[in-house]
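Q: This is what each chain is made of:
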Amino acid sequence: MRLTIACPAALRDDANNLAMVLGYGLGDALTYGGLNWQDADGNIYACASLPVSETFTTTAQATLQRPSWDTDSVISMAAANRAQAALVFSLEPVLAMPDKLTACAGDDALATLAAMGLTHVVVDV
Amino acid sequence: MALKLGANSINKLYLGSTPINKAYLGAGILFSGDSFDPASLFAASQQGAWYNPSDIDTLFQDSAGTEPVTAAGQPVGLMLDKSGNGNNARQASGAARPTYQVTPDRITVDNVDDSLSVTVPTGGFTGTMVLATDNGTASYGVTIPAGDYDIGGRGGGRGGLYFPGNALVGQLIRDGALSDWEAAATEAYFVGKGATASYGAVTSFMGFWWDWAELTSFPIIDTSSGTDFSYAWRECSSLTSFPLIDTSAGTNFSFAWVKCSSLTSFPLIDTSSGTNFDRAWVECSSLTSFPLIDTSSGTNFSYAWVRCSSLTIFPANIFDNVKGGEFEGAFTSTNLTQTSIDNILVSLVASGIAAGTRLFDQSGGSAPSVTGESAIDTLRSRGWTVTVTGGY
Numbered sequence: 403m404r405l406t407i408a409c410p411a412a413l414r415d416d417a418n419n420l421a422m423v424l425g426y427g428l429g430d431a432l433t434y435g436g437l438n439w440q441d442a443d444g445n446i447y448a449c450a451s452l453p454v455s456e457t458f459t460t461t462a463q464a465t466l467q468r469p470s471w472d473t474d475s476v477i478s479m480a481a482a483n484r485a486q487a488a489l490v491f492s493l494e495p496v497l498a499m500p501d502k503l504t505a506c507a508g509d510d511a512l513a514t515l516a517a518m519g520l521t522h523v524v525v526d527v
Numbered sequence: 004m005a006l007k008l009g010a011n012s013i014n015k016l017y018l019g020s021t022p023i024n025k026a027y028l029g030a031g032i033l034f035s036g037d038s039f040d041p042a043s044l045f046a047a048s049q050q051g052a053w054y055n056p057s058d059i060d061t062l063f064q065d066s067a068g069t070e071p072v073t074a075a076g077q078p079v080g081l082m083l084d085k086s087g088n089g090n091n092a093r094q095a096s097g098a099a100r101p102t103y104q105v106t107p108d109r110i111t112v113d114n115v116d117d118s119l120s121v122t123v124p125t126g127g128f129t130g131t132m133v134l135a136t137d138n139g140t141a142s143y144g145v146t147i148p149a150g151d152y153d154i155g156g157r158g159g160g161r162g163g164l165y166f167p168g169n170a171l172v173g174q175l176i177r178d179g180a181l182s183d184w185e186a187a188a189t190e191a192y193f194v195g196k197g198a199t200a201s202y203g204a205v206t207s208f209m210g211f212w213w214d215w216a217e218l219t220s221f222p223i224i225d226t227s228s229g230t231d232f233s234y235a236w237r238e239c240s241s242l243t244s245f246p247l248i249d250t251s252a253g254t255n256f257s258f259a260w261v262k263c264s265s266l267t268s269f270p271l272i273d274t275s276s277g278t279n280f281d282r283a284w285v286e287c288s289s290l291t292s293f294p295l296i297d298t299s300s301g302t303n304f305s306y307a308w309v310r311c312s313s314l315t316i317f318p319a320n321i322f323d324n325v326k327g328g329e330f331e332g333a334f335t336s337t338n339l340t341q342t343s344i345d346n347i348l349v350s351l352v353a354s355g356i357a358a359g360t361r362l363f364d365q366s367g368g369s370a371p372s373v374t375g376e377s378a379i380d381t382l383r384s385r386g387w388t389v390t391v392t393g394g395y
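First to last, the protein sequences are chains A and B. Here this note's numbering runs 402 ahead of the position in the first sequence, where the first position is 1. Here this note's numbering runs 3 ahead of the position in the second sequence, where the first position is 1.
Hints in this document: simulated from the structure, not taken from any laboratory. Since we're looking at a predicted model, the values are computed, not measured. We treat Cβ as the ideally placed atom computed from N, Cα and C, and that holds for glycine. Take the hints with a grain of salt, since some may be wrong.
[What the hints assert, rightly or not] If you want the footprint, here are the derived chain B segments under chain A, 3+ residues with CB under 8 Å:
#1 85–97
#2 109–119
[Stated by the list, open to error] If we take Cβ atoms under 7 Å as the criterion, some of the chain A residues that face chain B in the derived model are:
#3 Gly425
#4 Tyr426
#5 Gly429
#6 Asp430
#7 Thr433
#8 Cys449
#9 Leu452
#10 Pro453
#11 Leu512
#12 Ala516
Throw the hints in and build the complete structure from the sequences for me.
A: Okay, structure coming up:
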């Protein structure tokens, strides 16, 4: 299953902490980068898309544990928990919400983003 | 079976200029282009990189290279360079790792955040890049500076990542240009691994090479099916020329060559089907003249040549048969000669575009002559709002 996730600007730091908890390591701190997507109301988002296991959604909503690699406590577990509280999963595309981490299933990431009401932020020329 | 000419084995076989990947005698393979080994392109210690997802031993799920890729659907966090230069491509972020797929062997990218990154060594690469995808295969001239360089999705500063396809079947970059036959043989090699040879079936080239500032030359590829060329070469800022590709089916050219700031000339491409030229050549600041393209289907030319600050020569009659009148900002901050601005205004009159709220703007360059001023009078009588250099 592929999940495509829209992260509003205000949640980006929190979401990157959650990504480190659920992911592989320090590199996952860069999961949500450029605020390159916007909804119809002009809210901007950083987006990520990745294939996940069937158990991912369960894992992502379970009590978070600091991963064993984080011996230096790089991760802010408080931030990760805030992001987890904002998580919304859907098997069908729903509109991205500016106060939620909206994760939708869909094989085609770009099509899913479009169905979530998001378009590229295009710098005016 | 090897094909021989006398005692010499034939390594390359062409039909005209097209490399032949396989030749059969009955059911038997008489010649196989697979005998070409891209490693030979680095035999003299040339710098560069060669990525070949068909060699699964070069793929790892993690960026540290501890967990090999063993099956389709697994992420690719590290792809080893087969050129012998150790320019391996990595992705530290789990969410941004491409996915390994088979039949053909390839790494798929989601065009949202997937890419690998290679650290180009000091001195950079100036040469040729052969890029083989599920949409097509082509060879480009490139100058890639030292530092991080994306493999797979590129650009991405403005939403999504741009890539001419959805999967990478092979990529080779060599510091030092490949000869034509070396490039053709490399393309054939990747096609033999499952890459699509031609872009001929692609209808939408939207954003394919957006932000690929490393491209110094663009090949003549088959774009004959392309209808949407919007954003295709936006900010390809190192291209100095553009080839005469087939754009005869193209309807949407909006933003296509924005900020191709090194283009010194533009070819007479077939734009006869083009309706939307909105901002097509914005800030092509090295263009000094423009060809007499076919605008007969055009309806939107808003800001099409804005900030083409060196543009002085514009042909007569270019808008004679135009269908629509969206010209707001089209010639703002240009450097048109008096003859050129006269040409434009007279042509707009000739087009006979119906009255309505029409805008035309010019700034920079020369003011129109009495010929142009007469044309302005006519346009204003038809409802146009016209602003030109000199304030007439």
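Q: Could you work out which earlier hints the structure fails to respect and list their numbers in ascending sequence?
A: 12
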